[in-house]
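Number of protein chains: 4
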Amino acid sequence: MSVRVGILGATGAVGQRFVQLLEDHPTFDIAALTASPASADKRYRNAAKWRVNTPIPDDIATMRVRETSVEALEDVDLDLLFSSLPSSVAADIEPELCEAGYVVSSNSSNERMAEDIPLTIPEVNADHLDLIETQREERGWDGALVKNPNCSTITMVPTLAALDRFGLSRVHVATLQAVSGAGYSGVTSMEILDNALPHIGGEEEKMETESRKLLGDVDDGELSLHDVEVSASCNRVATLDGHLENVFAELEENPSAEAVHEALGSFEGIDLPSAPDHPIHVFEEPDRPQPRLDRMRGKGMQISAGGLRETAAGIQYNCLAHNTIRGAAGASILNGELLANEGWV
Amino acid sequence: MSVRVGILGATGAVGQRFVQLLEDHPTFDIAALTASPASADKRYRNAAKWRVNTPIPDDIATMRVRETSVEALEDVDLDLLFSSLPSSVAADIEPELCEAGYVVSSNSSNERMAEDIPLTIPEVNADHLDLIETQREERGWDGALVKNPNCSTITMVPTLAALDRFGLSRVHVATLQAVSGAGYSGVTSMEILDNALPHIGGEEEKMETESRKLLGDVDDGELSLHDVEVSASCNRVATLDGHLENVFAELEENPSAEAVHEALGSFEGIDLPSAPDHPIHVFEEPDRPQPRLDRMRGKGMQISAGGLRETAAGIQYNCLAHNTIRGAAGASILNGELLANEGWV
Amino acid sequence: MSVRVGILGATGAVGQRFVQLLEDHPTFDIAALTASPASADKRYRNAAKWRVNTPIPDDIATMRVRETSVEALEDVDLDLLFSSLPSSVAADIEPELCEAGYVVSSNSSNERMAEDIPLTIPEVNADHLDLIETQREERGWDGALVKNPNCSTITMVPTLAALDRFGLSRVHVATLQAVSGAGYSGVTSMEILDNALPHIGGEEEKMETESRKLLGDVDDGELSLHDVEVSASCNRVATLDGHLENVFAELEENPSAEAVHEALGSFEGIDLPSAPDHPIHVFEEPDRPQPRLDRMRGKGMQISAGGLRETAAGIQYNCLAHNTIRGAAGASILNGELLANEGWV
Amino acid sequence: MSVRVGILGATGAVGQRFVQLLEDHPTFDIAALTASPASADKRYRNAAKWRVNTPIPDDIATMRVRETSVEALEDVDLDLLFSSLPSSVAADIEPELCEAGYVVSSNSSNERMAEDIPLTIPEVNADHLDLIETQREERGWDGALVKNPNCSTITMVPTLAALDRFGLSRVHVATLQAVSGAGYSGVTSMEILDNALPHIGGEEEKMETESRKLLGDVDDGELSLHDVEVSASCNRVATLDGHLENVFAELEENPSAEAVHEALGSFEGIDLPSAPDHPIHVFEEPDRPQPRLDRMRGKGMQISAGGLRETAAGIQYNCLAHNTIRGAAGASILNGELLANEGWV
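Residue numbers (the working numbering), protein chains in the order written: chain A, 527 to 871; chain B, 527 to 871; chain C, 527 to 871; chain D, 527 to 871.
Just to be clear, a hint being listed does not mean it is correct.
Each pair may be met inside one copy or between any two copies, as identical chains are not told apart.
[As the list claims (entries may be wrong)] Quick list of in silico lysine to aspartate or glutamate cross-link-like pairs, EDC-like style, CA-CA up to 16 angstroms: (1) K732 <-> D653; (2) K732 <-> E755; (3) K732 <-> E637; (4) K575 <-> E811; (5) K568 <-> E593; (6) K732 <-> E811.
These aren't lab readings, by the way, just hints derived from the structure by calculation.
Extracted from the complex, chain A is given alone in its bound form (with noise of 0.2 angstroms):
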């Protein structure tokens, strides 16, 4: 029953909380790690800065990387490939892959709204997952490729799904995003000590179109998008993980703040592995959640919600998840269960 699992892009932040996320993982075994050419046939300890606040797992620490080609990975026996490549060399490599037969779960952001690629949260879209028929057929692949999305807009999509039997019409929203979301080295200190940045390139467009399309539709294998009107304000302040989003939402029916503290809390998971068994906690406390305090609840894959008002315009409320866990690395690897739940693998 184990399930075979390959890291492409294995010694970055997101390869690096694979390594960690997968340690204990009751099906999947990592049995190959990739990495740039400058990286290959180092033993992964060398290869890494290993920067995860646990050790790296003995038997992952003296495996050799491969480097990310097709090729290096023809001697090893593989049933599912999770990809934290950057963008510019996912676009090339991972559809080689899939032509080549492997199934990839991406964290990877080329793509992401292309009609034929799923793009996927379990407790939200699982359905969409049939878009990879549609791929196949187009692109002629024997493997197939799904994406999870940014991990700004993981963090709010669940709470607009619960919410979307109220009859989603608006949505303003601004994030306070963790530095790890730009990758090791992608903030300085100079940029955010004693400092907030109201920019993140790129990201304000992916909450605004993701949303529409993991909210949206899949019907014969025909994608059509949710006609939400979404607008983000992205911004990066001093934290290390986790993304604080504060959500304005406008409603065609009108709830009661009680009936959507009702719809958020039982929003309904799903029985996965990675999974938690309520996908959203919703905090009573106006202070939660916090990046700090609340980031690692169930393991760092749950939702937290909490804030929620009554304004002249709708619902407010607040939204946190640990951007590298149920917004990256997690994410993809519920992806995958999910992939092999449904006999994708």
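Since the structure of chain A is already known, use the hints to place chains B, C and D on it.
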């Protein structure tokens, strides 16, 4: 032409800013400093734990602190009082002082929404000073009480005033507020390191109500609120000074980003000693304004804006002001200058 | 084999750590929680503003808090008390409890240097428990009082104990201490953001005196201090947990860096449930240990060392420990385990 | 009386400080700016990502940047060059410029310990400029090369110079250094948030050797090092500007803390435009100096000391200086002023 001023609550964080900002003031001279009974009769340098990053002015350092009471001020000539008292203290003592004939420009939050108390930003609603007549009639005062708004409100409202020509109908705003806004001991290090706080008690309501009063009209001594709907979500982040705010504005005339840029940049200033030439500086760079880099523009009195975008719902932009200068002590001083200029002092 | 323990001062920052660390303890069960009169009779979840990053254990959350007094504990069977009381409170109540027969393992700073009170780090000076006999004779107690040292002392002293074989003559130490060491509200954000504080009241003296007691001898119930000269300079920096210390040690035998490395790494552990296998981990990498990356080694109970260099004057190295686990609650628990193991409980 | 100066490496963090500090200089006028070939011919405002918290001076903003080479400077009259080049670049270009007749005051770390290069802090060892004659003879230069020490060295050495009258024999020093010392991108946010780094490559050796040269003698053009033993331990902390250092000094005469206080406070200044009246300010308060509060004393050019204590081994105190002003650009400018004053320019 010298105006003799007193500072009520002179030892606290905002009180220290008053002392610093008035050091080189062209017409205002500090003639009295008050604090709680525990500090009375001490020299200022001993009563205040000085934490501003310029030295205490020598003549102020040795000035004796008085108790905050009508009696304790009786033996000194004073033309104008600035107040940064805790609001619970201000609620009792400010009316007593006004009754005793003092003109008080106050940063304390009590009574800001009272119908006969001017809540003023000179560039926005200088004409609201007409309410002083109403106030004197209704309360039987010889003096006068003028308030400035909350720091988070001041940061945004001048930009809204600049946009009101386009028909302001609805505003969503999310704030990233500096810790100094909570006073020297208001936020602990354990609360804010590697963290952000999604709640500041009472702050959202202040922004939502004060904005409507500031943008409202005073006719024949009667106040009417602006009917814009404001929804605010307030957060504390790990910056020392400078509130950054993400604004989503819905405007009836649906202007272009260019027209909004032009309206913000050309918003007219006022000719007062502490006022910047242009109240609002508009950045072209999408990653500005930033708190640490831009809070000191115009000696801390200019508001910065940037990140202008047209969205599905209207216009989105960011604004920034120094919260303890433009948003507190500087705001009261500017109101004091307006009072002097208009002959109330 | 279960030991019933009470926690004195259970609602504070260190008190919460006791609750967290004891949740899965193999032999200690929490049977009582005390706090100040204002919290008495409340359920723990209401009395404590829980700030630890794991949830309150369910059974503890609903436990009733008692007042901290001999009377309030009379109706419950208790084998051992842990104390994290403020030292001014501890000074009165700890002796009363010892007189009433309780064995108290205390983190409070009062009486640490008393000649008949064991100040103990189990791996360093377990034999100092012999002072309990002296204590009982002199004070007429049926119970016993054992102290653990200050957090900054604990971080360094095991490394000094490892080096004492080379003849420890003089030590200079500079500390970079985390804000949690001052309690939840001990350091404000205005004090520490973009700043460092070169003074912690009383801390330098604690390190200088406690070290000599810990490294000293107990013979026939008589304590003699070690004659090493210790000079400490203590700083607070913007880290949440984990004290980092730069040690300059002058050693009579002038050992090589290699010999020092070997002595530190082979320093012997003790067989107690909370003790790490190796008390000291020695890093080869010159930029380790670092507070955030290394404070949780050995579940927060292992001390890290690194940066070993021979200098003109002796040996230089850095050491690190988690200040609220190894340096506070964990230290008291380890002493409690030693007391149980040696038959004092 | 105007001196025409050029800035080599003008677009980097220290280069920007040169531009800022020279804006209002009484005698130095910026006549040329150089950078790497990629920036050549661009206007300065486009070549430099300006990050200093005052605006770019208008005339500098539009100045064309030149390549850093002898040829590129041929068509401009220049009396003095300031260098903040990366040391690998400086190693080649500085000697070429000196050969071509330029006088260079350099902040780059190469050649600081060369026996014929003055390493100078004007208040400490202005007479070391005599080495220029040696240098010209040995190297056949028409120009001259003068270096200022590393930022961490400058912070401490003036205090040691003040104490040398008591017979300086051994110094232990631990540093808490600001991130700006590593350049704009030298320390990532992931490295320093909730963390401290116990290692700065090469920094300890710089402090240990440069101190002995600065405190040494130059007689008949021959340099002899001071024989004080210095052991340094260097740490990076989450401050933006301002290096704080804990010094333990062993002094042969064993002076009292009072005598040390007097020696530090009365250390004599030098009459140069950028020099503070008193090089060292001594605080009585035990918790000062602090980086954020005290780094701008004397426009960033005064060194602060405090926390004086007598210990078993000698004297202990803390010192602080602004690392990119007194410790870098301001240090080179002060050396330039000394060169001009002594007739070398």
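Here is what the structure says about each hint:
Within a single copy, K732 and D653 get their C-alpha atoms no closer than 21 angstroms, and across copies no closer than 45 angstroms, so neither meets the 16 angstroms cut-off. In this assembly of identical chains, the alpha carbons of K732 and E755 lie at most 16 angstroms apart only when taken from the same copy (13 angstroms versus 28 angstroms across copies). In this assembly of identical chains, K732 and E637 lie within 16 angstroms of each other by CA distance solely inside one copy; the values are 12 angstroms within and 44 angstroms between copies. Taking the closest pair of Cα atoms, K575 and E811 come within 16 angstroms of each other only across two copies (11 angstroms); inside a single copy the shortest separation is 39 angstroms, beyond that limit.
In this homomeric assembly, K568 and E593 come within 16 angstroms of each other (Cα to Cα) only inside a single copy, at 10 angstroms, whereas the closest approach across copies is 40 angstroms. In the homo-oligomer, the alpha carbons of K732 and E811 never lie at most 16 angstroms apart, since the shortest distance is 30 angstroms inside one protomer and 20 angstroms across protomers.
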